[in-house]
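Participant: One letter stands for each residue in the lines below.
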Amino acid sequence: MIVEVKNLVKKFPIGDGFFTALKGVNLVFTEGEFTGLVGPSGSGKTTLLNIIGTLDVPSEGDVIVLSKSVGNLNPKEAAQLRKEELGFIFQNYNLLPVYTVFENVEFPLLLLKMSAGERKKRVLETLEWVGLTDKVKSRPSQLSGGECQRVAIARAMVKRPRLVLADEPTANLDAANSHHILQTMEKLNRELKTTFIFATHDEKVIGYLHRIIRLADGQVVADDSPLNPPKGDFKSEPSEGTFTNNTSLNSSPSGRLGGAL
Amino acid sequence: MIQFLFKGLMRDKSRSLIPIIVVALGVIITVFLQSLLSGVIGDSIESTANFTTGHVKVMTRPYSENSSQLPNDLALVGVDTLKESLQKQFPEMTWAERIQFGGLLDAPDSNGHTRSQGNVSGMGIRLLNSTEEITRMNLVPTLVSGKFPSKPGEMLMSDELCRKMKLKLGDKVTLISSGMYGDMAMYNFTVSGTLHFGIAMLDRGLMIADIEDVRSALNMENASGEILGFFTNARYDNKLAKEAAKSFNAQYVSSQDKFAPVMVPLSDMNDMGFLVAYSENVQGIIVSIFIIAMAIVLWNAGLLGGLRRYGEFGLRLAIGESKHEVYLTIVAESLLIGIIGSVIGVIVGLLISWPMQTVGWDISSMMKDSNFLMPSVMRAHISRTTYYIGFVPGILSTVIGAMLAGIGIYKRQTANLFKELEG
Numbered sequence: 001m002i003v004e005v006k007n008l009v010k011k012f013p014i015g016d017g018f019f020t021a022l023k024g025v026n027l028v029f030t031e032g033e034f035t036g037l038v039g040p041s042g043s044g045k046t047t048l049l050n051i052i053g054t055l056d057v058p059s060e061g062d063v064i065v066l067s068k069s070v071g072n073l074n075p076k077e078a079a080q081l082r083k084e085e086l087g088f089i090f091q092n093y094n095l096l097p098v099y100t101v102f103e104n105v106e107f108p109l110l111l112l113k114m115s116a117g118e119r120k121k122r123v124l125e126t127l128e129w130v131g132l133t134d135k136v137k138s139r140p141s142q143l144s145g146g147e148c149q150r151v152a153i154a155r156a157m158v159k160r161p162r163l164v165l166a167d168e169p170t171a172n173l174d175a176a177n178s179h180h181i182l183q184t185m186e187k188l189n190r191e192l193k194t195t196f197i198f199a200t201h202d203e204k205v206i207g208y209l210h211r212i213i214r215l216a217d218g219q220v221v222a223d224d225s226p227l228n229p230p231k232g233d234f235k236s237e238p239s240e241g242t243f244t245n246n247t248s249l250n251s252s253p254s255g256r257l258g259g260a261l
Numbered sequence: 001m002i003q004f005l006f007k008g009l010m011r012d013k014s015r016s017l018i019p020i021i022v023v024a025l026g027v028i029i030t031v032f033l034q035s036l037l038s039g040v041i042g043d044s045i046e047s048t049a050n051f052t053t054g055h056v057k058v059m060t061r062p063y064s065e066n067s068s069q070l071p072n073d074l075a076l077v078g079v080d081t082l083k084e085s086l087q088k089q090f091p092e093m094t095w096a097e098r099i100q101f102g103g104l105l106d107a108p109d110s111n112g113h114t115r116s117q118g119n120v121s122g123m124g125i126r127l128l129n130s131t132e133e134i135t136r137m138n139l140v141p142t143l144v145s146g147k148f149p150s151k152p153g154e155m156l157m158s159d160e161l162c163r164k165m166k167l168k169l170g171d172k173v174t175l176i177s178s179g180m181y182g183d184m185a186m187y188n189f190t191v192s193g194t195l196h197f198g199i200a201m202l203d204r205g206l207m208i209a210d211i212e213d214v215r216s217a218l219n220m221e222n223a224s225g226e227i228l229g230f231f232t233n234a235r236y237d238n239k240l241a242k243e244a245a246k247s248f249n250a251q252y253v254s255s256q257d258k259f260a261p262v263m264v265p266l267s268d269m270n271d272m273g274f275l276v277a278y279s280e281n282v283q284g285i286i287v288s289i290f291i292i293a294m295a296i297v298l299w300n301a302g303l304l305g306g307l308r309r310y311g312e313f314g315l316r317l318a319i320g321e322s323k324h325e326v327y328l329t330i331v332a333e334s335l336l337i338g339i340i341g342s343v344i345g346v347i348v349g350l351l352i353s354w355p356m357q358t359v360g361w362d363i364s365s366m367m368k369d370s371n372f373l374m375p376s377v378m379r380a381h382i383s384r385t386t387y388y389i390g391f392v393p394g395i396l397s398t399v400i401g402a403m404l405a406g407i408g409i410y411k412r413q414t415a416n417l418f419k420e421l422e423g
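For the record, the sequence lines run as chains B and U. Numbered as in our numbering, the first sequence ends at 261 without a single skipped number. Numbered as in our numbering, the second sequence ends at 423 without a single skipped number.
Any given hint could turn out to be false.
What the hints assert, rightly or not - Below, computed lysine-lysine pairings styled on PhoX-like, alpha-carbon distance capped at 25 Å:
no., chain 1, residue 1, chain 2, residue 2
1, U, LYS7, B, LYS120
2, B, LYS76, U, LYS323
3, B, LYS83, U, LYS323
4, U, LYS151, U, LYS168
5, B, LYS76, U, LYS411
6, U, LYS323, B, LYS68
7, U, LYS164, U, LYS147
8, U, LYS168, U, LYS147
9, B, LYS11, U, LYS411
10, U, LYS323, B, LYS11
11, B, LYS135, U, LYS13
12, U, LYS13, B, LYS137
13, B, LYS121, U, LYS7
14, U, LYS7, B, LYS83
15, B, LYS83, U, LYS411
What the hints assert, rightly or not - For the chain U half of the interface with chain B, some residues (derived, Cβ under 10 Å), not all of them:
no., residue
16, LEU9
17, ASP12
18, GLY314
19, LEU315
20, GLY320
If you're looking for bench data, these hints aren't it; they were derived computationally from the structure. This structure is a prediction, so every number in the text was calculated from the model and none was measured. Each residue gets a CB set at the ideal place from its N, CA and C atoms; glycine is no exception.
Please put together the full structure from these sequences, using the hints given.
Facilitator: Here is the structure:
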């Protein structure tokens, strides 16, 4: 078990009262999952993702991330957990525009105080996974949207996190790039056993998910696997057949991710 | 990490160039104003010191109490011994006897009858066989005709008075004044040169003669109204002057001699205290003004920049930096900006101040009827302080501005900063 959500309630103050974004959510995520929190805007999926990512705290209940209670973490401990174990992927990529691709991916390793040699090795290896070794010195402004999101994935993965949280990662991408990105993430999940949790309402993403948790009005309304609903077995590679574009996953020559892993 | 952030800072011109320009401009103005005010005020103080007060002045007690009346009947006697003693006790100073006096200058015609008369404010200084006082009082550029006295009995007078009395070079004039013992004094001088200072107070009726001639004229053998002390570096230092006066006066504190000498520092004479205090505090005043003004500008720049960077901050928090670390990097970035801006500002400020020190700004045409004793050329004075004073507002203002702007990081919820990522 990598994340456990117990009776989670999250309230935000509005005027004299409160808006309840999450109403008693209970969930368990295990190591290696490729799971999506799916629901319309305002359903609470981003709020849940933020709390799992230790960027916010529960109002009631508890969230256990990698054996640590989010509600009991002080800011320094929460930052430490994010630094070492969590990766984030955002809708708008959020690359730092003044840095090169290499530097953007290198950034999380600087926080881990890794040596320059080790950083270089890790960054190049990770960029190879996402097929961007030829863009090492490019700035984000010189990349396409899909390439930017691949850099963002590399940045999230470079420190080998146990859990990656992706908030609408394909919202700004066209179909071809969305599939490419999703295939990359799925492959990383498969090869590295990294747990991915998405917040999304994009049907293209849903097609790749191994587990779908549907949220509405701050509550879990369904928790199932898309290809085996609701009683079916977990299918590990549901998305291969859904990719209709010619875009191929640009992985290492062997077709496997990073032989050094 | 810091190196990484600085790299980004230097590449992002909106975060580095504008603040560096703001800091550099503030520092340039600070450096220039400091050197200019220091020069102008310092030169005004020095002008007063060189002409009338010295950096310290030794007089008898009663002369000191009535010094505005130039009471030569209360003058110091035995000045040779006293001067020798002063030179031994204060080797860091040079000493000059002066006699200031008032009188009537009478110009006779060929029959010995009065042709013209004029009131004079006179000064006896060491003129013969020495150029020290000529240099100190910067008399060379003021000499408009004739030459400096080269033998006893010659005198300099203001060009304006000379023309009013219809005198010409080589004419004989008689000084009528009162002697040291209350007697009437009359003494003949020959006009050897005329002076123009551009200061009404001096040009109205100044005469300058060698001190030995004045002693003879006023019956003041081995006496003088005042002995002026000057620091050898020609810059007034109030602390040292006060210490010297205190040390000197301590020797005579219990003296029963009512004509015992007393030493007075420049700041205690001629209402110079305010100017000295202003001179001492002007740097602090300028620096404080610029720290406040620049901090407000940079605070606002920091706020605007910070708002624009909330996305970046959110990302950094998500990646694993704490708010404290983000805040510290903002301050560190501002420190770098402050240092770079200050270095540029100090260099440019010095480059602007340098010609102002060497060439200056001639304001003599504006001072035709001035009653102030101040130089007719405004000059900056680049001192050791000028080299570092710009760093104080330059660095403090950027750091204070960044610290104020960065408080927003703490006030904003982590999740809200994070949400900015999606903005």
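Participant: So, for every hint listed, does it hold in this structure?
Facilitator: Status of each hint after checking the structure:
no. : hint                 : in the structure
1   : U:LYS7 to B:LYS120   : holds, 17 Å
2   : B:LYS76 to U:LYS323  : holds, 9 Å
3   : B:LYS83 to U:LYS323  : holds, 13 Å
4   : U:LYS151 to U:LYS168 : holds, 18 Å
5   : B:LYS76 to U:LYS411  : holds, 16 Å
6   : U:LYS323 to B:LYS68  : holds, 20 Å
7   : U:LYS164 to U:LYS147 : holds, 20 Å
8   : U:LYS168 to U:LYS147 : holds, 13 Å
9   : B:LYS11 to U:LYS411  : holds, 19 Å
10  : U:LYS323 to B:LYS11  : holds, 23 Å
11  : B:LYS135 to U:LYS13  : holds, 23 Å
12  : U:LYS13 to B:LYS137  : holds, 19 Å
13  : B:LYS121 to U:LYS7   : holds, 21 Å
14  : U:LYS7 to B:LYS83    : holds, 22 Å
15  : B:LYS83 to U:LYS411  : holds, 22 Å
16  : LEU9                 : holds, 8 Å
17  : ASP12                : holds, 5 Å
18  : GLY314               : holds, 8 Å
19  : LEU315               : holds, 5 Å
20  : GLY320               : holds, 2 Å
Consistency note: the structure conflicts with none of the earlier hints.
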